[in-house]
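Residue strings, one per chain:
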Amino acid sequence: MADASTVQPSNTKQNARIIMREFDRRRFLAGAAGAGSMAAFWPRALLAQGTQPIKIGILIPLTGSTSQFGATMSAAAKIAVSNINAAGGVAGRLVEVLIEDDQSNPEAAVRAVRKLIDVDKVVSIGGSYASAVTSAIAPLCYESKTVLFTSSGADSITKTPHNGYVFRTSPTVTLQGTRVGQYALELGAKKMFFLGPQTPFAQSYIDIISKLFKDAGGFGQGLIYEDKRASYRTEVDQALRTNPDVVVLGGYVPDTSVVLKDLYRAGFGGKKIGYSFGVNQVLADGLPHEVSEGTASLVPSASEDSTAYKTLIGKMGRSALDSYSCQVYDHVVLTTLALAQAAAASPNGTVVRDAVRAISQDPKGEKVSDVAQGLKLIADKKPLNYDGPSGPLEFAANGDVEGVFFRYEQVQKGKMALLKVA
Amino acid sequence: MFTEFAQYVLNGLVLGALIALPALGLTLIFSVQGFVNFSVAAQMTVGAYAAWLAGAYLGWSSILMLLFAFLVPGMLGVAADRLALAPIRRQSGAHTALMLAVVSIALNLAIENALRFLFGSNLNSFDIPVERNLQIWGLSVGPQQLRNLVTALLIAVALAAFFSLTRWGKAMRAVADNTDLARLKGIEPRNLANLATFIGMGLAGIGGSLLAIDTSVDPSTGSRLILVIFSASVLGGLTSLYGAVLGALIIGVMGEVAMIAMPPVYQSLTAFLAILFILLVKPTGLLVGAEGVRK
Numbered sequence: 001m002a003d004a005s006t007v008q009p010s011n012t013k014q015n016a017r018i019i020m021r022e023f024d025r026r027r028f029l030a031g032a033a034g035a036g037s038m039a040a041f042w043p044r045a046l047l048a049q050g051t052q053p054i055k056i057g058i059l060i061p062l063t064g065s066t067s068q069f070g071a072t073m074s075a076a077a078k079i080a081v082s083n084i085n086a087a088g089g090v091a092g093r094l095v096e097v098l099i100e101d102d103q104s105n106p107e108a109a110v111r112a113v114r115k116l117i118d119v120d121k122v123v124s125i126g127g128s129y130a131s132a133v134t135s136a137i138a139p140l141c142y143e144s145k146t147v148l149f150t151s152s153g154a155d156s157i158t159k160t161p162h163n164g165y166v167f168r169t170s171p172t173v174t175l176q177g178t179r180v181g182q183y184a185l186e187l188g189a190k191k192m193f194f195l196g197p198q199t200p201f202a203q204s205y206i207d208i209i210s211k212l213f214k215d216a217g218g219f220g221q222g223l224i225y226e227d228k229r230a231s232y233r234t235e236v237d238q239a240l241r242t243n244p245d246v247v248v249l250g251g252y253v254p255d256t257s258v259v260l261k262d263l264y265r266a267g268f269g270g271k272k273i274g275y276s277f278g279v280n281q282v283l284a285d286g287l288p289h290e291v292s293e294g295t296a297s298l299v300p301s302a303s304e305d306s307t308a309y310k311t312l313i314g315k316m317g318r319s320a321l322d323s324y325s326c327q328v329y330d331h332v333v334l335t336t337l338a339l340a341q342a343a344a345a346s347p348n349g350t351v352v353r354d355a356v357r358a359i360s361q362d363p364k365g366e367k368v369s370d371v372a373q374g375l376k377l378i379a380d381k382k383p384l385n386y387d388g389p390s391g392p393l394e395f396a397a398n399g400d401v402e403g404v405f406f407r408y409e410q411v412q413k414g415k416m417a418l419l420k421v422a
Numbered sequence: 423m424f425t426e427f428a429q430y431v432l433n434g435l436v437l438g439a440l441i442a443l444p445a446l447g448l449t450l451i452f453s454v455q456g457f458v459n460f461s462v463a464a465q466m467t468v469g470a471y472a473a474w475l476a477g478a479y480l481g482w483s484s485i486l487m488l489l490f491a492f493l494v495p496g497m498l499g500v501a502a503d504r505l506a507l508a509p510i511r512r513q514s515g516a517h518t519a520l521m522l523a524v525v526s527i528a529l530n531l532a533i534e535n536a537l538r539f540l541f542g543s544n545l546n547s548f549d550i551p552v553e554r555n556l557q558i559w560g561l562s563v564g565p566q567q568l569r570n571l572v573t574a575l576l577i578a579v580a581l582a583a584f585f586s587l588t589r590w591g592k593a594m595r596a597v598a599d600n601t602d603l604a605r606l607k608g609i610e611p612r613n614l615a616n617l618a619t620f621i622g623m624g625l626a627g628i629g630g631s632l633l634a635i636d637t638s639v640d641p642s643t644g645s646r647l648i649l650v651i652f653s654a655s656v657l658g659g660l661t662s663l664y665g666a667v668l669g670a671l672i673i674g675v676m677g678e679v680a681m682i683a684m685p686p687v688y689q690s691l692t693a694f695l696a697i698l699f700i701l702l703v704k705p706t707g708l709l710v711g712a713e714g715v716r717k
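As given, the protein sequences belong to chains A and B, one line each in that order.
According to the working numbering, the first sequence is numbered sequentially starting from 1.
According to the working numbering, the second sequence is numbered sequentially starting from 423.
In case anyone wonders, no lab produced these hints; they're calculated from the structure.
These numbers come from a predicted model, not from an experiment.
Every residue gets a Cβ at the ideal spot worked out from N, C-alpha and C, and that includes glycine.
Hints are supplied without guarantee of correctness; some may be wrong.
Only some residues are given here: those of chain A computed to face chain B with a beta carbon under 8 Å [what the hints assert, rightly or not]: (1) R229; (2) A230; (3) D237; (4) V253; (5) S257; (6) K271; (7) G286.
This is chain B alone, in the form it adopts within the complex (with noise of 0.2 Å):
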């Protein structure tokens, strides 16, 4: 009963850890621009098909294919940003952030459906051998899923010193702090919105290779999670990015550790209840402050 458990737990926190690096792109650019873009479930999916052609098709080895599948979603996603929300964001109103929103869901299906127009509806396997499973202490787990992983979490860690570290990563806190007063020390943050689409593009399509490695890539890879990613960035409180990653791991594991009392139907409930008891009991999220919220 309890290796039982603890499997679940170790399934979950596999999966938890994919949810992770998509969840973190939408909060940081949450965080820097104020509305949730919705399009990182396409620009997950941008990724998938990036690492796809260059693992499969170019031979590339694998840390070129993770990187090519964070600069192409990272292009794509400030590309399209500049060209259909930008001018949204110009016409500052009450409703400008739903509006964003409700265009992001629309940027989401243009991308999802061009993809699906170049590369079909099939699906692609990457070109890496599916390998059996480890077994340790009594516990099953993949290869693959243990690479991913780690690889999840080096990447949080990395983004963790570049926003302690370096200058770039201040000022984006200093945005994501209070706009008005990064501007008037000189911070410009246009330019950091570039830079946070970006980067949180970017950490997307790495989640949607990683995704896809362990899965398969067809055009609607991304779309599938969406729910869960918007779940656990909500319950990591939407500006906090340790939130976003403690989000996604509850998020993980409770979807998981539910089919033991639950029928396997009803797994996206556990989502649900969590942005449910979120909104109910702590409005905030689970971690609002460590990062300091937007005004």
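So here's chain A without its partners, still in its complex pose (with noise of 0.2 Å):
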């Protein structure tokens, strides 16, 4: 459902229903058409041409399994325009977002973008999550020339033939393999146990951790169970079999819990390690803190000491944000800068894939983490370095962002306790 455009065609539709008592069928049909093309014409005839706004697409799970930051990862977008809107919008063209529900399903989604692209024609799409959503509207995108920013994890993403049309501002499934990886053995240790669900990375977390245990002299191994089941104490058993230092929790929350129970009875001593998806305060606060106790875990971060994060949670009127909601902000100012950068007569898609990197990762720019002063500098042809709260956003040749952050907290007394942000 496209929030910005919703309010015209709900009233024709009531119009229309106050109608049909009146009318027959037939002249209700015509009458309905004719509402409806009033609806979509009007704003263009009395709009002249180029000012009518810029349309940016915002793609982002409202509802289903992956929607638990669908909320504030709207309320964030919707921030970015009305920040862009009251600096001026792009060189006195206003900016509009459409803000469409993924459904947590990659068919929904790619009905969605297609609508976006071809009937709103946006010229980028940002917010997409779920890495099964953005695998199937990546295609779209890359091959209609409209500019991809997503925050999933997926590496097969950014190997996709998509000449640069895909920028990604979260880590790469590798990274976060190998930051665990890296963390468990900064924590002095040598053998390493991998206990998760099956999932599309499952594999590849535990090729690239036991690799890095490999090369650093240890050992790494692992098992992939299946999920929502009553019981790990088998799954438990045959890990501890190998009588590891570190077991890394590539689970959910549920399955987490009961593997954290099962490792508890047995006795294990060693090291947890796990991922924000699954070690988390919703699973301290469901388990007793002898069992919990001392489990750490890797977030990707937002960059929470920057002066763009303080703004951002200071507009949103919250104490803290996830950094996925932090990313689609920074979707929607990435495109507005590189348009205004640009200084394009006829703003797309191509337009904002060149102009991106010369507003977020010129060395020579001004740092700025204010859409407003970023405008001004464009304004004023001062060339700008642009950090989002949601990071630096520099972005590789491939499209994966560069120096990502991440939180390093540790389950202590049923609290998430921060250790560091590196």
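Dock chain one against chain two, each of which comes alone in its own frame, and use the hints as you go.
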């Protein structure tokens, strides 16, 4: 459902319902078609060419299994637009975001993206979250020369022939696996065992972390289990038979809680490290303290010490914000600054693609974290380097972001305690 | 190697005992009512939440906690049966049993989502300390899991006594055997149907609470197990209470032992294989006739 364009059609529908009582079916249909085309053409007819808003598509999970950050992502996108429009927009043109729900479902996502590209003619699409969704929509974007900004992790996404139209603002699975492995080694572990459910990343995690351990003179192994089970006693038995000194937990919250209990019962005294989707405050709240104590977690982090982050959480009236919503904010800002920089007569995806690096990673540019300030520098023809709430936003040649932050956290007496951000 | 095998068997028995109670509930309801009531899954979760409220909030003793976990889903089960299923049962036809099963799936979803609305999706743990495993003859087993095993066995024995010694129990077996004949002898099947639903859902509730003590409670605690519960019941013959217990233990042990040779990802496969095996080889189930078959 497109947020920005709902008002008029729903009025039309209401009118249509009244009309229906008075006229016959044929005349009603003709009337509705007429009203529909009026609704579609009226704003364009009224506004002079070139002053209509620039459209940016946002595709996020508002419903379904991956929807935990949907609401804050949507709020962040709206705040980005109001900041940009308050600063005068792009060369006098306002910016509009069209927010679509991917329903945590690749098929629904493809339909939504077709609409954004073919009907709304958006210049870029931001937000896309689940890797399955992003993999499905990426070809539609780069084939239609629409820029895709994504917060998905699967490595395969930037290996597509996207010709530079895909930018990823979240760490890849390889990078997350590597950081977890390096952290386990930092803690002095020699023998690693990975326990996780069947996901597209499980085997990659095992391979990546095991290789790190092997290179460091240690040893790594893993077991992929079936999730949603009542007991993992046998899986834990199998893991402990290899005498690991660190267990990496690759699961989500429900199965990770059972695995941790079974590890505790079996008397496992080694280190436990998980990912943010499995080891977090929800898990800590649901487990007795002695079971969760000391379990570490790596969370892709927003740039929490930055002015941009502090300004954004202030505007949203929150004490903290997840990295993914910060990324959605930056997707809208990057598109806008790129268009402003290019100053093209007709904004489109190619213009955005070619100008993103100029405004986000110019080493000679002035560091800015505020979009209004960025637009002003562009208007004054000065170079800039935008650092957003999600991070410094420097992109490698393949579109993957470089220099992302992780929060290293640990459960201490039932609370997630911050160890470091690095 | 032998110890490893024995350990897997033990793990399977502990898991099987947890599955046995809801499987008993499903079988009991099927015996008397003649349809598979899939809402046992959600009623397990109801029992788990009831026990959690009684234990973690009200600080009741474990006996009272289990009693509460029996009563709440039992009563809710009867109410849901009267409201949603009885009207369909009245219009008896060729597809009634199928329709009832479908409506019970809908009921399952409704109850599960009501729980989600009331308690949220987060995990809740019991205020019971998690104990380290005991080591017996080289095998390790948790004290809580032993208690669960004993509780499940005690309840199964009590149930067996109820069915062989009491008037109500015997009447229920009579209805399961032949509804028309029982009615001729002056037994009112409708009251028995309520009683069977009450006991069946209560058993599911206790099973759910034992499971939750072992793991944790969230709105899908019961639904995760519906496949294994259903296959345990089918394996046991759907009408035999002993069969349900046997089926649950077999499914539990098979699943764990299979991990010696099979990647753990395919563990649910054993439940599917059990259903497939029974349908192909012995469609009546392992122990049909021990209790009598519903005509």
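Here's how the hints hold up against the structure:
1. Given the 8 Å rule on beta carbons, the hint for R229/A holds: about 7 Å separates it from the nearest Cβ of chain B.
2. Residue-level restraint check for A230/A holds (minimum Cβ-Cβ distance to chain B is 6 Å; threshold 8 Å).
3. Satisfaction of the interface hint for D237/A is found here, the shortest Cβ-Cβ separation to chain B being roughly 6 Å, below the 8 Å cut-off.
4. The closest approach between the C-beta of V253/A and any C-beta of chain B is roughly 6 Å, which is under the 8 Å cut-off, so the hint is satisfied.
5. Restraint check, S257/A versus chain B: the minimum CB separation of about 5 Å is within 8 Å; hint holds.
6. Because the smallest distance between the Cβ of K271/A and any Cβ of chain B comes to about 18 Å, over 8 Å, the interface hint for this residue is violated.
7. The closest approach between the C-beta of G286/A and any C-beta of chain B is roughly 3 Å, which is under the 8 Å cut-off, so the hint is satisfied.
Hint 6 alone, counting from the list given before, is not met by this structure.
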